[in-house]
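Our numbering numbers the first residue of the sequence shown as -11 and each following residue consecutively.
FYI, nobody ran anything at the bench for these hints, they're computed from the structure. Yeah, the Cβ is synthetic: ideal placement off N, Cα and C, and Gly gets one too. Just to be clear, a hint being listed does not mean it is correct.
[Claimed, not checked] BS3-like mimics (lysine-lysine), calculated; alpha carbons at most 30 Å apart, straight line:
no., residue 1, residue 2
1, K519, K564
2, K463, K518
3, K336, K134
4, K505, K468
5, K564, K378
6, K379, K564
7, K468, K537
8, K564, K505
9, K519, K577
[To be verified] Distance windows between CB atoms, simulated:
no., residue 1, residue 2, range
10, E67, K28, 45 to 55 Å
11, I238, E551, 57 to 67 Å
12, A62, N92, 14 to 24 Å
13, D405, C21, 55 to 65 Å
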Amino acid sequence: MIRAHVLICGGTGCTSSGSKSIQQAFAENIEACGLQDEIKIVQTGCFGLCALGPVVIVHPDGTFYSSVKVEDVAEIVSEHLLKGRIVERLVYNDTGSDEQPEGNVSLNDTAFYRTQNRVVLRNCGVINPENIDEYIARDGYAALGKVLTEMTPEDVIKVITDSGLRGRGGGGFPTGRKWALCAPNKAPQKYVVCNADEGDPGAFMDRSVLEGDPNSIIEAMAIAGYAIGATEGYVYVRAEYPIAVARLQIAIDQAREYGLLGKDIFGSGFDFDLHIRLGAGAFVCGEETALMTSIEGNRGEPRPRPPYPAVKGLYGCPTVENNVETFANVPQIILRGAEWFASMGTEKSKGTKVFALGGKIKHTGLVEIPMGTTLREIIEDIGGGIPNGKKFKAAQTGGPSGGCIPASLIDTPVDYDNLIAIGCMMGSGGLIVMDEDTCMVDMAKFFLEFTVDESCGKCTPCRVGTKRLLEKLNKITDGKGTLEDIDELEQLCYYIKQNSLCGLGQTAPNPVLSTLKFFRDEYVAHVVDKKCPAGVCKHLLTFTIDQDKCIGCGMCARNCPVETIHKTDYVAPGHKLASYEIDPAKCVKCGVCMSNCKFKAISKQ
C-alpha cells in the first residue's frame, strides 16, 4: 500500500539542474531501504519556483524541499520517508532570516503561492503529465464529455463568450467572439490551431503548461473543434522545447488509445484528431498567419488581413487559432461555468494570467494571478522583491512587443486595458524586472536587436525601419548621438507602427517608445552629458582608481588584457606600496580590473 508520494519537478528548469539524477537517486535509495512498495515517485511538471530547483515535495504532509542535490537524497529517504523526521535544513525558507524553519513547510504556505489562483496551472506540479489516468482523476476530459453529450456547438460558444475569456497570446481578442466568427462559415474542412510558438525572451509559460498538463490542451482543442465544426487540429510548437514536444506526443497517443481523439468520440459521432508541427524558432511565426503559412510547409511570413483566419486560414479553410494558455482555461470554464470564470479579474479582463517572472527579482519562476493584481503585489509579495538591497526601476511586459512600467506606476493593476493606457501591453506573459543598475536605453536596444534579427523581411517598414532604429540607438549608446537623433527616433517609431504588415513590426518600436516616455532623461544624459546613468553603456564609462584606497597589490594590472594600468609614485597613507592608475585613452572598459579589486578601490562613472 502506498503511504507517501515523492513529487519531483520534471520541468525544463529543474531537469537542467539535475532532477533526473535526483529521481534516479530516490529510486535507488528507496529500494535499498525496502520501501519500494510504500513510496511512489512521481515526475511532475513545473511547481513554479524555478529559482529554487530542483524541487521535491513529499506528500501527504506536503513538505517542500528546495535546491535538492543528489547527495541529499539518502538523508531524505532515511530520515523523512523511513523514520518520519523532516530534514529541516532542506526545507524551503522564505522568511528572509538566516534561521531555518522548524517542522513542515508546504508549498501553499509560502508567500510565493499564497496570493496565486492556479487555474491554467492547476495540474502543473500535481500530476504525472505522462499518465492520462492522473489527468482523468482530476476531472480530465469531463468537460469534453459534457460538451459532446449535453451541449450544442452554440451552447459551447455562448459559455466561452459569457465567461469573458480573452486571448492570452498578447492581443486579448475575445475567444468566444473568435469562435463565433468561424462557426457559421461553410467549408468541407475546418481547423483548430494551437499557437505554442513561444518566442519572447524570458517567457516560458506555454512550455510549462505543455510539459506539466498537455492533456488540458488536447481536451480544449477538441472542444473548440466541436464548437466550430472542425475535425482536425495542429499544435505548432518550437523544436527547442523537446520535453514539451515529447510529453504532448505521449498525451496525444494515450488520448487516441482511450478513444478521446479520433473517430466517434464518446459515441457522439464527433471526429477530431491532432497533429504536432515543429517550428524552427522564428519569432515571426508567433503571428497567426505566419504560423499557418509555416504549417503549410512554406516560409513563415505573415499574410495581409482581411481575410481573417476565421474565414480563410490554414490551407485556405476557416480556422480558429488560440495560444496554449487560452486553451488551458477552456475545460474549467465548461465544467465550472461562465459566471465562475467571470467572477475573477476585472470588468473587462476576466480570469487569471500566467506570468514568467524573471530578471532582477528574488523569486524567479511561474506565477498565476487574478487579472487586476497590482505590479507591486507581483514583485514584492509574490516575487520577494529586488535582491541585494537594490531599488526597483521598471518592469518590461510583453517582451519585444511590449513596454516598460516605471517604478512610479508600480501600483498599476495588471490587465489588458490598464497596461495599454500607460503605453504597454500584456503580451503573452513575460515579465522582466529591472533594478537601478539597468540602463533603459540599453534595454530598448536589446529588444530591438531581437526584432531586427527576427523580422521576416517581407515588408519594408519592418525590415528597414527597425534597422534604422537600431542604428540610432547604437549611435546614442556609443556617445555619438544628438538631441535631433532622439526626435528622429520617436518619429521613426510611429512610422513603423503605422505601416508594418503584421504585429511584429507594428509592436517592435514599443520598447523604444515606452522608455522614451518614462525615461527620456536617460536618453538626454547619453547624448548631452555623454554619460550612462546606470553605468552600463561601456563607450560612455570611465574607470578610475581611488589611489587612497589602492594598496598597490597590482592585481588589476596583472589582469588587464590591454596593459593600460600602471604603477604611480604615490603611496597612500598607511600603505607600503605605490598605487596604480588607469590610462583612459587605452582603456577598453571591459571591467576586469574592477571585478578583480578586492578593496573596492576601482569605480566606474
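Each hint tested on the structure:
| no. | hint | in the structure |
| --- | --- | --- |
| 1 | K519 / K564 | violated (35 Å) |
| 2 | K463 / K518 | holds (11 Å) |
| 3 | K336 / K134 | holds (28 Å) |
| 4 | K505 / K468 | holds (21 Å) |
| 5 | K564 / K378 | violated (36 Å) |
| 6 | K379 / K564 | violated (39 Å) |
| 7 | K468 / K537 | violated (33 Å) |
| 8 | K564 / K505 | violated (52 Å) |
| 9 | K519 / K577 | holds (14 Å) |
| 10 | E67 / K28: 45 to 55 Å | violated (19 Å) |
| 11 | I238 / E551: 57 to 67 Å | holds (58 Å) |
| 12 | A62 / N92: 14 to 24 Å | holds (20 Å) |
| 13 | D405 / C21: 55 to 65 Å | holds (57 Å) |
Violation of the numbered hints given earlier is confined to hints 1, 5, 6, 7, 8 and 10; the remaining hints are satisfied by the structure.
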